[in-house]
Structures are given as structure tokens and as C-alpha cells.
Amino acid sequence: MKTSIFTTSFQRGKPRLKAALVFGAIAFVIAFAAAVNTGIVGELLRPAMSEAVLVGLWGRFAVALVVGILCFGGCYGLLGLPHRVQSWSVWAGLALSALLLFYSFDLSYEFIERKLPFLLTQGAFTTIYVSAISIVLAFTFAMLGATAKLSGIAILEGVGAFYTSYFRGVPLLVQLFLIYLGLPQIGLVIDPVPAAIAALSLVYGAYMTEIFRSGIQSIPRGQWEAADALGLQRMVTFKKVILPQAMRVIVPPTGNQFISMLKDSSLVSVVGVWDIMFIARTQGRADFKILEMLITASIIYWLLSVVLEMVQHRIEAHYSKSVTR
Amino acid sequence: MRSIIKKTLICAGLMAAAISTSSQAGKTLDAVLADKMLVVGTNSDYRPNAFLGDRNELEGFDIDVSREVAKRLGVDVKFVTPGWEVMTAGRWQGRWHMVVGSMTPTTKRAEVLDFPATYYFIPAGVAVHKNSSAKSIADLNGKVFGVVSTSTYHRYLEHNLKIDAVGTPPFEYQIKPQEIRLYGDINEFDDLSLGEGVRLDAVIQSVSVINQAVSKGLPVKMLGDPVFYEPLAIAIDKGDAEFGKKVHAIIEDMKSDGTLVGLSRKWHGVDYVTVK
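Just so you know, the protein sequences line up as chains Z and R, in that order.
1 is the number of the first residue of the first sequence in this note's numbering; add one for each residue after it.
1 is the number of the first residue of the second sequence in this note's numbering; add one for each residue after it.
Hints are supplied without guarantee of correctness; some may be wrong.
[Unchecked claim] A few chain Z residues that don't get close to chain R, going by computed Cβ distances all over 12 Å:
1. 108
2. 114
3. 119
4. 169
5. 177
6. 181
7. 187
8. 189
9. 192
10. 222
11. 272
12. 278
13. 294
14. 302
[To be verified] Heads up, incomplete: computed chain Z residues facing chain R, CB under 7 Å, no partners named:
15. 74
16. 238
17. 239
18. 281
By construction, these hints were calculated from the structure, which means they are not laboratory data.
Owing to the predicted nature of the structure, the values given are computational and were not obtained by experimental measurement.
Where a beta carbon is used, it is the ideal one built from N, C-alpha and C, also for glycine.
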């Protein structure tokens with residue numbers, strides 16, 4: 001049995017009807033407040049009522065009511081489906097609406113098609129390898145940072161505290177410029193890509209240090225004491241007892257950080273790294289078709305983060321074995 | 001990762017060596033000739049001067065000029081696109097040897113960069129929406145203008161444009177804008193296309209960019225005559241007069257043998273090299 005807020009799944013009988021009614025009512029209120037009678041939805045109801053009625057208060061009410069009833073019907077139908085099918089079809093429906101919204105912008109698909117291969121081979125490739133290296137490094141920094149902060153050695157705790165405070169406290173963009181433009185002043189001339197990787201991994205390592213630390217500290221003290229009582233050394237306890245349990249708490253927010261980092265890697269385009277964002281902006285600006293490229297870039301980023309989401313889900317499932325019935 | 005560390009260490013060593021010998025002239029030239037590689041900083045989205053073409057390589061007037069300069073130096077050429085603010089800030093630390101990026105040698109920029117050779121002149125014009133009610137440039141006083149941040153057009157609107165290069169035609173400030181909106185990543189022409197006064201009333205850009213926008217089907221047009229002519233020069237980092245002399249000589253050769261005019265005709269459609 002899954003843990004969830006409601007004990008019923010609203011899939012049949014009275015709860016199903018009630019849930020559908022609530023969704024319908026919400027749709028009605030939103031439609032009424034947003035005055036959809038003046039938009040595309042109103043146009044669809046044109047055959048049913050005259051222009052004058054349609055724009056009036058009565059028209060607004062009527063159109064909102066139709067929207068509400070449609071939503072009620074749709075939700076009632078959906079609620080009858082099996083749990084998985086239900087959530088997947090809603091996901092697909094929302095994704096489709098987002099794509100339809102983009103479609104309505106009247107974009108030049110011929111242009112996108114012409115520019116897409118390079119956006120993938122150069123842009124997406126760069127984004128992926130910059131992010132991948134940064135993820136590995138950030139993970140390492142976070143591990144070291146958390147270990148330092150929990151070591152009990154005051155010097156290391158000081159180093160860890162400074163690291164998280166500074167790198168969490170300074171915007172990534174500023175950090176990137178400092179590394180790219182500042183280091184050469186002391187004689188360290190580094191290329192844009194290493195500068196980008198350094199900035200991304202240091203900043204995200206700092207965030208993740210805190211995630212790791214809080215995850216490790218969330219394991220009750222009793223676990224440490226029990227291991228002590230069994231005669232285990234502290235390092236062994238940490239590796240074999242505490243960390244496996246802490247991972248369950250650590251993985252979801254870490255997955256968040258990775259997705260966030262993938263998207264923040266777009267900041268590296270400002271120092272001239274040819275990532276997705278750079279190519280999209282450059283191609284778009286040169287041909288005065290920036291919207292085409294931005295939407296294409298947004299979809300590529302989205303697909304990439306979906307992959308990360310799936311990986312996170314797998315890892316989460318692995319570390320949750322101990323608490324699943 | 002190893003090689004990065006190695007590179008950084010080597011760079012650090014070179015830097016230390018460079019600092020100690022920085023009084024010697026010719027270190028950029030020496031580096032170019034030793035590596036047989038000229039690294040050129042340029043723009044990536046500035047049609048028709050430097051942009052990513054259909055072959056997904058940089059092309060344009062600036063690119064062809066750079067290739068020609070490299071050819072006459074007898075070295076290969078490589079392009080980097082570090083971003084406008086980074087290029088105009090100077091102190092490149094040898095990351096690239098020169099910038100061929102249609103840069104105007106303003107007095108301010110000459111404080112951090114050297115401009116050994118002016119390679120063409122370009123008129124700056126005012127663009128408005130094609131349905132604009134403005135009949136002349138004078139109608140645009142008190143309107144909202146969009147320009148690229150820290151560009152010469154920006155300085156022009158601020159009435160603070162000082163150009164040092166020899167042979168620059170004189171100009172006067174014809175416009176008093178109500179508001180100047182600055183652009184970097186977003187194209188000012190996209191905002192102008194939304195309609196007259198929606199976000200912008202007018203844009204100042206080089207005439208060749210305005211012509212590009214018109215030919216790409218944007219609903220904009222040029223209004224009146226160009227407001228000023230600006231020289232565009234090759235920029236190099238401070239401290240290598242010998243390299244500057246060499247670049248100057250090459251550009252003068254390219255002017256006298258007609259190569260530059262040919263390239264200007266190819267990319268701009270007209271001769272922007274000869275001073276009128």
C-alpha cells in the first residue's frame with residue numbers, strides 16, 4: 001500500500017463523482033475569472049449564441065459553465081481509469097497542450113529543421129559533457145564538504161563552513177565571471193569550458209554539501225550508538241550503517257540539484273562556450289528568429305531533464321528497498 | 001582533467017615569464033609566429049560581419065578579413081567568441097591575439113586596447129516599425145530607443161560618442177530620446193517588430209544590419225539618412241607595437257590591392273572601405 005494523503009483513490013462510486021465535481025467547479029471559477037468567453041473557447045461556442053450575448057455577463061457565465069462541465073466530464077472519465085494510466089494520460093495531455101501552445105506561435109519549422117542538427121551535435125553535446133563532469137565533481141566536493149563538516153575536527157569544520165557559506169552565497173553568474181576574468185589577474189589563464197565546470201561544480205557542491213550533511217544527520221543517534229555497542233569502528237559505521245540509510249533522504253534533493261545544474265549550465269554561454277543556449281541565441285539572433293531557437297532549446301533541456309528524472313527514480317527505488325513493504 | 005591542470009600550470013609559468021619580460025615588444029607576434037596560429041576573437045551573431053552560417057561555421061566580412069590577415073602572416077587562423085563585454089574590456093592575457101569584430105575605436109576603448117588598423121567605415125542608421133508614423137528623424141525626439149548595451153549607438157544616444165580614428169566624418173547629435181533601452185542577449189529588432197511604441201519606437205544599428213533585418217522579412221524600415229559614420233578597427237591588446245605595425249601594414253596592403261573592397265562588396269553589397 002502506497003503512502004498518500006487520501007486513503008481512497010477516487011476511482012469509483014461517490015468519491016469519484018465528488019472529485020470530478022470539485023475539478024469541474026475549479027475549472028468553472030478559473031474560466032469565469034479569466035473571461036474565456038472573449039478568447040478561442042468563446043469562438044467555439046459562437047454557433048450557439050449571438051455575438052452580443054457572448055461578450056456579456058451571461059455569455060461569460062455560460063462559457064465558463066460549459067468549460068466546467070467539460071472538465072467535470074473529462075475528469076470523471078479519467079478517474080475511472082487505472083491509477084497509472086490516469087497519471088500518465090494527464091501528463092501526456094498537459095505536455096500536448098504545452099506543445100500546442102508553442103505550435104500556435106506560428107514558427108518557421110523549416111528554420112528549426114535546418115538548425116536542429118547543429119544544436120544537437122554541438123550544443124546539446126557540450127551541455128551534456130559540461131554537466132556530466134560538473135555533476136561528478138560537485139558530488140565529490142559535496143562528499144568532502146559534508147565529511148569535513150561532520151568530522152568533529154574544528155579546522156575541517158571551519159573549511160567546510162566557509163566553503164558552503166561563500167559558494168552558496170554568491171550568484172553562479174558572478175562566480176563564473178570571477179573565475180574566468182579574475183583568475184587570469186593572478187596568472188591562471190583558464191579556458192571557458194574549465195572555468196564553467198569549476199563554477200558549476202563548486203557552487204552546486206556547496207548546495208549539496210548541506211543536503212548530504214542534513215541527510216546524514218537525519219539518521220537517529222541510536223543507530224550510531226547501536227553500532228558502537230556492536231563494536232564497529234566509526235568509519236565502518238558511517239559507510240555501512242549510516243550512509244545507506246541517509247542515501248534515501250539524500251537522493252531526491254540531489255536529483256533536484258542535478259536537474260537544476262543541467263539548466264544552469266546555460267549560463268556558461270556568456271563566456272563563449274558553445275552550449276545549447278549559445279547556439280540557440282546565436283543562430284536565432286543572426287537570422288532574427290530567436291523564438292524558434294528558444295522553444296527548440298527549451299524542449300531539448302526538458303527532454304534531457306526527463307532522462308535525469310528517470311535516473312533519479314531508479315536510484316531512489318534502490319535505496320528505498322528497506323522501507324518498502 | 002590531468003591535462004587541464006597541466007595546461008594551467010604551463011599557462012601560469014608562461015604568464016610569470018611573460019610578466020617578467022613584458023617590457024619587450026613583439027610577444028604577441030612571437031606567439032603567433034611560433035604556434036603558426038592566429039587566434040581571433042569575434043562575434044557570433046552579427047550578420048553580415050560574423051555569424052554562424054548554414055554550414056554551422058562562422059562566416060561573414062570580419063571572418064574573411066581575419067582569414068586574409070592570417071594568410072598574409074603565413075599562419076593558420078582560429079576563432080573564439082568570448083562575448084562583447086569581455087573583448088572590449090582588454091587584458092586578454094594571450095587568450096586571443098586580436099579582435100576583428102567590427103569594433104569602433106572610441107577614446108574610452110583606446111585606454112585599454114590598441115587599434116592598429118581601421119579596415120572599413122559603416123553608416124549607422126535609425127530603424128522604425130514599417131507602420132511608424134514618424135516621417136523624419138526629428139519626429140523621434142522624446143521616443144523610446146533600443147540599442148545594444150555599450151555600443152557606439154548607445155554612446156551616440158547619450159551624446160557621448162568620441163571616436164579617435166583618423167578620417168572619421170564629423171557628425172552631430174540629432175536625437176534626444178525619452179528613454180534608452182539596452183539590449184544584450186535579446187535582439188532589439190524583435191522588440192521593434194512588435195509594433196510602433198509597443199516596447200520601442202526606434203532602434204539605432206549599422207545600416208547593413210538594418211538591411212539584413214528588412215531582407216529577412218522583419219516589419220521594419222530605415223528612416224532618413226545615416227546619423228553618423230563610424231570607423232571599424234582591428235583591436236589588439238596593449239603593449240605590442242610591433243604586432244600592431246604588422247597588422248597595419250597588412251590591412252594597408254589589402255586596401256591598396258582591392259582585397260578589402262572586394263570582401264566589402266561580397267558581404268555588404270557596397271564598398272564601405274573607401275572613405276567618401
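So, going through the hints one by one against the coordinates:
no.	hint	in the structure
1	108	10 Å, violated
2	114	7 Å, violated
3	119	9 Å, violated
4	169	24 Å, holds
5	177	9 Å, violated
6	181	7 Å, violated
7	187	4 Å, violated
8	189	5 Å, violated
9	192	7 Å, violated
10	222	41 Å, holds
11	272	4 Å, violated
12	278	8 Å, violated
13	294	10 Å, violated
14	302	20 Å, holds
15	74	36 Å, violated
16	238	27 Å, violated
17	239	26 Å, violated
18	281	6 Å, holds
In this structure, the hints that do not hold are numbers 1, 2, 3, 5, 6, 7, 8, 9, 11, 12, 13, 15, 16, 17, in rising order.
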